[in-house]
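S.K.: The lines below spell out each chain.
2 protein chains.
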Amino acid sequence: MNLLLFESKEMMSDATIVLNDRRSEHIIRVLGCNSGDTVRAGMINGSVGTGEIVSIGRGRENSEVVLRFTAEGDVPAQPPLDLIMGLVRPIMLKKILAQAASIGVGRIFLINANRVEKSFFGASLLKDENYRSYLLDGLEQAKDTILPQVSIHERFRPFVEDFIPTIAKTYSRKLVAHPEAGEGLKQVAGTEMTGRTLLAVGPEGGWVDFEIEKFVEQSFVPVSMGARVLRTDTAVVALLSQLMVLMGE
Amino acid sequence: MNLLLFESKEMMSDATIVLNDRRSEHIIRVLGCNSGDTVRAGMINGSVGTGEIVSIGRGRENSEVVLRFTAEGDVPAQPPLDLIMGLVRPIMLKKILAQAASIGVGRIFLINANRVEKSFFGASLLKDENYRSYLLDGLEQAKDTILPQVSIHERFRPFVEDFIPTIAKTYSRKLVAHPEAGEGLKQVAGTEMTGRTLLAVGPEGGWVDFEIEKFVEQSFVPVSMGARVLRTDTAVVALLSQLMVLMGE
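Those sequence lines, one after another, are chains A and B.
So in this note's numbering, spot 202 of the first sequence is number 202, and the numbers just go up one at a time.
So in this note's numbering, spot 191 of the second sequence is number 191, and the numbers just go up one at a time.
Excised from the complex, chain A in its bound form (with noise of 0.2 Å):
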């Protein structure tokens, strides 16, 4: 955990903020703070900054820390990238949302595709935002606050043919990963890149045929990396970095 994050709603008027969970063992067993010490502190979707330990106790299962939070510089940009990807089985679920986190994306949409198991849409890890403490630790890691939006189309052809459309205005170019691709994020987008990016990445086993010519009706141009065909976990990762490396970032 390099940076404590706490929601908004948890920060009382005088700015201190109660932690009776993981986060306030955390501060006690493996940082070893006492009282007065800081530690970088940050509010989901929010600033990051320092918190004072003001008080340490005992609360009735975890011991209790008491922060007084001060916000320092503005509140970090939502990463200029948004992610379109094939439902994947929960633990690799799991797994790429804390990267993807960790590396900085806006949205995430998870959806159906040929090669996705209906089952993976049944996880409890979809139920309740579940996923969400995945997402937290991909930010903790990376000292980030912006927490990505995460949703969930059951349906290929009406999030592709209906729900794009409503949506492709936001972005300067939409990609499609897809090994047969034959050129890179160099060839395809330059080295220059400004405004948002949407990508989408198949599910284990890659987009079939078909979804490809979907996602090209709908402007979305393919991309590889060179013909190597990477695991969706791998391209996630890969994929994101480049387009940050190529966007400046």
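Because the hints were derived from the structure by calculation, they are not lab data.
Hints may contain errors.
Just so you know, same-sequence chains aren't split out, so a pair can sit in one copy or run between any two.
EDC-like cross-link-like pairs, simulated, lysine to aspartate or glutamate; straight-line CA separation at most 20 Å [what the hints assert, rightly or not]:
hint	residue 1	residue 2
1	K94	E154
2	K9	E64
3	K143	E180
4	K143	E183
5	K143	E204
6	K9	E129
Just so it is clear, the structure is predicted and the values come from calculations on it, not from any experiment.
Dock chain B against chain A, hints included.
M.R.: Just chain B, lined up with the frame of chain A:
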């Protein structure tokens, strides 16, 4: 398995290869092949080509498949990137090796550092090249044949001070990942990179200041991904991918 890999010594003088392990099982059970069918195949550190299934039979433990290999085109080039990494937990190392091989890396130097647990060097994964199967997994996934060369270095200072100078001339640039570097790869290396790159990524917890100093003494340039602190596994995939795209691979 997008590419069936075999060792050069497995090929007979008539270009046939007898498979009776997980590869033959894969051809029969997963791919559902019959005699006369072809699969994509590649010789480790050699050419990619076609494997024609000559016969399918029962071996002692596994099914037995006889392939006849026809090479197509040249041996793939060695990737222009080598990786130094602070040794990580075996479970994380397996994943990193597979992912690094799938992105493409020439040599992997696993080294000691202040935040490496000494016990990691005793892991059975490092004995008798047990890590090799994870590299092969990555190559099979990415359809590459060039096996990364792994070496293990149990002492930090001799590696950096004595060994690095012996290989330094091979590289057009040497980089060390450091979240406090303040500059990304695009700033440090530009968008028209040529020649070989040597990249050093810290163990879990990162490099300590002394280690960064030692790398800098050897002309390594610190590089970051914004202010983000990434986990070792994410950083390896992210930075190798960024190098790939800047090199136009």
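S.K.: For every hint, state whether the structure bears it out.
M.R.: Here's how the hints hold up against the structure:
Only within a single protomer do K94 and E154 lie at most 20 Å apart by alpha-carbon distance; the minimum there is 19 Å, versus 33 Å between protomers. Taking identical chains as interchangeable, the C-alpha atoms of K9 and E64 lie at most 20 Å apart only when both belong to the same chain, with a minimum of 18 Å there against 64 Å between chains. For a Cα distance limit of 20 Å, the shortest separation of K143 from E180 across copies, 12 Å, qualifies, whereas the shortest one inside one copy, 36 Å, does not. Proximity of K143 to E183 under the C-alpha cut-off of 20 Å is restricted to the inter-copy arrangement: shortest distance 17 Å between copies versus 33 Å within a copy.
For the identical chains of this complex, K143 and E204 are inter-copy neighbours only, at 16 Å across copies versus 30 Å inside a copy, given an alpha-carbon limit of 20 Å. For the homomeric pair K9 and E129, the shortest alpha-carbon distance inside one copy (18 Å) is at most 20 Å, but the shortest distance between copies (53 Å) is not.
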